[in-house]
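Once you've looked at the hints, dock chain F against the given chain X.
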Amino acid sequence: MRQAMRSPFMMLRGRGATVLSAVLIAGIIGVVLLPGYRLARSLAASNTALQLVSEQQSTPELLVREIELLRDRLATRSYVGRNLEELRRLVTSYDQALAAVRASDAGALAEVQRAVELWARQRATLEPLVSFSAQPYVDTDRGGTALTPDGQKLAADARKAWQFVRANTPALIGQFERAGEYLRRQAAGGADELRALLLSGVLATLVLFAITLYLQLLKGRHERAARESQEQTRDILRSVKEGFFLLDADMRIGAVWSDALATIFQRREFAGLAFEELLAGLVSEKTLQTAVKYIGLLRGERAQEKLIKGINPLAQVEVRLPDLGAGVETRYLEFDFHRVSGQDSIRYVLVTVVDVTASVLLARELRQSQESGSGQTDLLMGMLHVDPLQLDNFLATARANLKVVNAVLREPSREDDEFRSKIAKIFRELHAVKGEAALLRLGTVEARAHAFEDVLQELRARPQLTGNDFLPLLLKLDELLAHLQALQEMSMRLLELRAAMTSAAASAGAARGEMAAPMLTPGALAEFADGLARRCGKRVQIVTEGLEHVPPALQRPLGEAVLQMLRNAVVHGIEKSSVREAAQKTAVGTVRIAFGRSSEGCSLSFEDDGAGIVADTLKSAAVRKGLLSPEEAGQLEPRQAFRLIFQPGFSTQEEATPDAGRGVGMDLVAKLVRELSGRISVATRPGRFTRFEIRLPAAVESVAGVA
Amino acid sequence: MPVPAGPAMRRLRLMIVDDSNLIRRRIERTQSLPELAVVGSAGNGEEALEVFRRTDPDLVTMDLTMPEMDGIECIAHLVRLKPEVRILVISALADKATAIDAIEKGASGFLHKPFTDRQLNEALLELARIPQHA
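As they're listed, the protein sequences go chains X and F.
Note that the numbering used here numbers the first sequence so that position 349 is 349, with each residue one more than the last.
Note that the numbering used here numbers the second sequence so that position 12 is 12, with each residue one more than the last.
Rather than coming from a laboratory, the hints here were simulated on the basis of the structure.
A couple of the hints might just be wrong.
[To be verified] Taking lysine-lysine and the DSS-like style, the derived pairs with C-alpha atoms no more than 30 Å apart in a straight line are:
id, chain 1, residue 1, chain 2, residue 2
1, X, LYS306, F, LYS105
2, X, LYS293, X, LYS309
3, F, LYS113, X, LYS286
4, X, LYS422, F, LYS82
5, X, LYS293, F, LYS82
6, F, LYS82, X, LYS476
7, F, LYS105, X, LYS286
8, F, LYS105, X, LYS309
9, X, LYS286, X, LYS306
10, X, LYS476, X, LYS625
11, X, LYS625, X, LYS425
12, X, LYS306, F, LYS82
13, F, LYS113, X, LYS306
14, F, LYS105, X, LYS293
15, X, LYS309, F, LYS82
Looking at chain X on its own, in the form it has when it is part of the complex:
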């Protein structure tokens, strides 16, 4: 981002410097080089003129002397050819010098003008001498040489010229000197000017050089900044833990991605890879299709990114990836998708992938350890208030129950009703375990048994059953058995602890004494009823009679039966205090349990002063459960209707709670009684009471314990 903002700015400065240097170059050419050239040329011209002027400075005087010489020669009749020659040369060179001076900067000077005028006049008087080409002498008879007429004229011209030139010369020389002076000054000034020009040229060049240097520096810095930002981008992509990449309109991965991607997906090349190829084989086909659709939504304008985050199908996915060895491992990836908008459309979808395996596993472990931690604590707390021998007794019974469950599960069966009868059997056994666990307040066992029952309930609701449906039950059974094993171990340790603390003899004696009455004690029953009543928001008291006479062999079966009836009585029978008071009853419900022996055998009576059983309620519940057709229900006598409660799977309570409502209670009691070759009957009066009577033959007392 920062890079993008800086570079146009730098480009502007670069462009400004370029323009500046171009202006400078033009300036150097226009202001320094061109005038310098002109100046140098005029300087050269002035110099030439100056040289000519100084060369010709003596010419006027030479002319005077030459004319004098010519005149003398003419008088002595000597040879004049060389004089004439010399005159011509002087005149010509002076002509040339003057022409050069006129052409120079000095040409416009008044002095030069004047000199030119003077010379022109002088030149006119000299002309006859210069252009003379006749014979000046002739030999006479009188001996000697005489002047020819031409010669005479020449002599006259020479005289005239001498007079003029002699008079004119100082002025001419003066003018020439002044012109020379001017030219000298001019040359000196020109040189200064040229020096200044050259100096400014050098300066301008230096500035130009500096600018070039600066531009180069700027460019270098720009390039360095670009390189740096590129490196930084690279560093970021190399070190982030998240996998980043862009998806284009064709859902292909762009040219840039973070290195973490390679670690996450165990592959090297991603450029141009289609998103579907990346995930093919890692997630289910359906998930992949849903994900592609989801990305499609992001490319569309209609859906709001924030509002569809919740339905990202790859928010957390389980994938199977090759591990460092040759195998595959399960990992958890989190994908996040963001729109990347261009000018007017969505250009890319930015995808972030994070491997959250560690945190997912950690969270799971934490949950498990919390569960098992609280489980262990619950277990320990639950066991602390249970007598170890009572617990031992329970464990033995529970194991026996589960053994039955195991046997039932392994029975071969094919038919649907066979399966269903298996479920009913298992249900009864489990319910017994649950009931005893509840009595001993072993919440952990109770909860597991309840969870097991949930599975059974779910199976029972299925229209069709197969052998495979029972597989999860084996697992549940193992779990329950393992839990009982853990309880056993802990119980052993507690026993050892106790043994160490009390004398071995006393402990053994106490143990033998309590073994006879593990369950059917008034205290245990009252405690169980209290707990149950509290959970139901009710109040109940237990009145017992003769329970101490229950023979050891009947402790377990009758204990289970009483427990079940007590559960039913508190949950279904006894009303809440407010209801009871409104019906003119005592606020606290009463349950009476009485055991008696006679010559024919023994009997157990169980009575609560609760709401009683209403036949019609039972009938409609039976119809609802499909146990009876409405017609059958209509014809049913009340006495027959009451027997419905002994049917497997019958309950009037809609919602299953750990305490009651699975309808398995009374059929378990009926089964127990049947196993003891006994009979059970029910008497009830709506609003007043419900009473169960169990009668057992005398013979069973000794047999039951062995069964």
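Okay, now just chain F, sitting in the frame of chain X:
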């Protein structure tokens, strides 16, 4: 239900579609955005179309599983009737593919049931903020 007149004063009109009376009332009571006015509610897709034609809402909250006409079909109809309508799907559906189908049909967002008051208001605010489609 009267809505203040004038384009500057005009509040966004919200219709609530859900087959549960409880949820409808919950949404109506919970939404507390001053820029929204509930103009109608419906218990199924058919009814929703009828209420939509009558009240011309700008925003709609839409359940997916409803009798008569389900949410996805209803969304398609509503978008056909008024392309610029913005629809928030509010559903307990665990199946993301169905939710995505609903968005593909033209809904703008998805809110999972059960939701807190805050979640609902934030989602509605977000929905109201989307620029109108041309």
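Exercise. Keeping to a limit of 30 Å between CA atoms, is the pair of X/LYS306 and F/LYS105 held or broken?
Worked result: Holds - the C-alpha atoms of F/LYS105 and X/LYS306 are around 18 Å apart, at most 30 Å.
Problem set entry | Hinted pair F/LYS82 and X/LYS476, Cα distance within 30 Å | Roughly 55 Å between the alpha carbons, so the hint for F/LYS82 and X/LYS476 is violated.
Problem set entry | Given pair status - X/LYS286, F/LYS113, alpha carbons within 30 Å | The given pair, whose Cα atoms are some 23 Å apart, holds under the 30 Å limit.
Exercise. Does the structure keep X/LYS306 and F/LYS82 at a Cα separation of 30 Å or less?
Worked result: holds, 23 Å
Exercise. If you draw a straight line from the CA of X/LYS293 to the CA of X/LYS309, is it 30 Å or shorter?
Worked result: holds, 13 Å
Exercise. Within 30 Å, alpha carbon to alpha carbon, are X/LYS309 and F/LYS82?
Worked result: holds, 25 Å
Exercise. If you draw a straight line from the CA of F/LYS105 to the CA of X/LYS286, is it 30 Å or shorter?
Worked result: Given pair F/LYS105, X/LYS286 holds - Cα atoms ~19 Å apart, limit 30 Å.
For this session: Quickly compare the C-alpha distance for X/LYS293 and F/LYS82 to 30 Å and report which way the hint goes.
Result: Distance ~24 Å between X/LYS293 and F/LYS82 Cα, so the pair holds.
Exercise. Are the Cα positions of F/LYS113 and X/LYS306 separated by 30 Å at most?
Worked result: holds, 17 Å
Problem set entry | Restraint check for F/LYS105 with X/LYS309, where alpha carbons must lie at most 30 Å apart | holds, 17 Å
Problem set entry | Hinted pair X/LYS422 and F/LYS82, Cα distance within 30 Å | Answer violated: X/LYS422 to F/LYS82 is near 60 Å, above 30 Å.
Exercise. Would the pair X/LYS286 and X/LYS306 pass a check requiring their Cα atoms to be no farther apart than 30 Å?
Worked result: It holds: about 24 Å lies between the C-alpha atoms, which stays within 30 Å.
The structure shown violates the earlier hints numbered 4 and 6.
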